[in-house]
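Trainee: Mind docking chain B on chain A? Use the hints.
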Amino acid sequence: NAGVMQNPRHLVRRRGQEARLRCSPMKGHSHVYWYRQLPEEGLKFMVYLQKENIIDESGMPKERFSAEFPKEGPSILRIQQVVRGDSAAYFCASSEQGGEQFFGPGTRLTVL
Amino acid sequence: GDSVTQMEGPVTLSEEAFLTINCTYTATGYPSLFWYVQYPGEGLQLLLKATKADDKGSNKGFEATYRKETTSFHLEKGSVQVSDSAVYFCALSDSPGAQKLVFGQGTRLTINP
Chain A
1 NAGVMQNPRH LVRRRGQEAR LRCSPMKGHS HVYWYRQLPE EGLKFMVYLQ KENIIDESGM
61 PKERFSAEFP KEGPSILRIQ QVVRGDSAAY FCASSEQGGE QFFGPGTRLT VL
Chain B
113 GDSVTQMEGP VTLSEEAFLT INCTYTATGY PSLFWYVQYP GEGLQLLLKA TKADDKGSNK
173 GFEATYRKET TSFHLEKGSV QVSDSAVYFC ALSDSPGAQK LVFGQGTRLT INP
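Going line by line, the protein sequences match chains A and B.
Position one of the first sequence corresponds to residue 1 (this note's numbering), numbered consecutively onward.
Position one of the second sequence corresponds to residue 113 (this note's numbering), numbered consecutively onward.
What the hints contain is simulated information worked out from the structure, not anything from laboratory work.
Even glycine gets a Cβ: it sits at the ideal position worked out from N, Cα and C.
Be aware that a few hints might be false.
[Stated by the list, open to error] Some chain A residues judged to face chain B by a derived CB distance under 7 Å, without partners named:
1) Glu41
2) Gly42
3) Leu43
4) Phe45
5) Phe91
6) Phe103
7) Gly104
8) Pro105
9) Gly106
Chain A with its partners taken away, still in its complex shape (with noise of 0.2 Å):
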């Protein structure tokens, strides 16, 4: 059984351009979760997403940074315009309901 998948590992973006981080749940999870690490610190939560629904957004910024889960296909973490400060590693974790989260390997977002 596979585990989380999250793709790319690395995406390297220059400033201005866009970031789109995928994230495949553990099979037979219907909830996934984003979260984002700086350098040197602990995870910071951004979203919950259900299939088709955004359950709990308030980690996510603002401005510039968007998350879905369709009912087909990935969860996508996609960032606009990107700028420095969005350098981080990007978590994707899935879960059944109400159960134990399973964390993916990490997207490294280096902005140029």
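Mentor: Frame of chain A; chain B shown alone:
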């Protein structure tokens, strides 16, 4: 809001030494408490958890006890190994279903042979 404070690192120990990593929390209500471990280049893995006061979580020789009176969840291991070198995160969830997790800043542990 809810928060988690961890012992600052890095922590460097010799193999077979005793390990303690302190963790205290602030939360309304009765959170669930977790320790996660992150090995280099990998995502986080759940190490252990406790869901109510006085519960003891344990796994792979690591233990932590949910202390409501001191709002603490310190991680301990009696004899560490080189393979325990990693970053350890304390976390809480204010719902039993472990939805939004609130993490401490992490403690980097290095074990020397």
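Trainee: Compare the structure with the hints numbered earlier in the document and write down the numbers of the violated ones, lowest to highest.
Mentor: none
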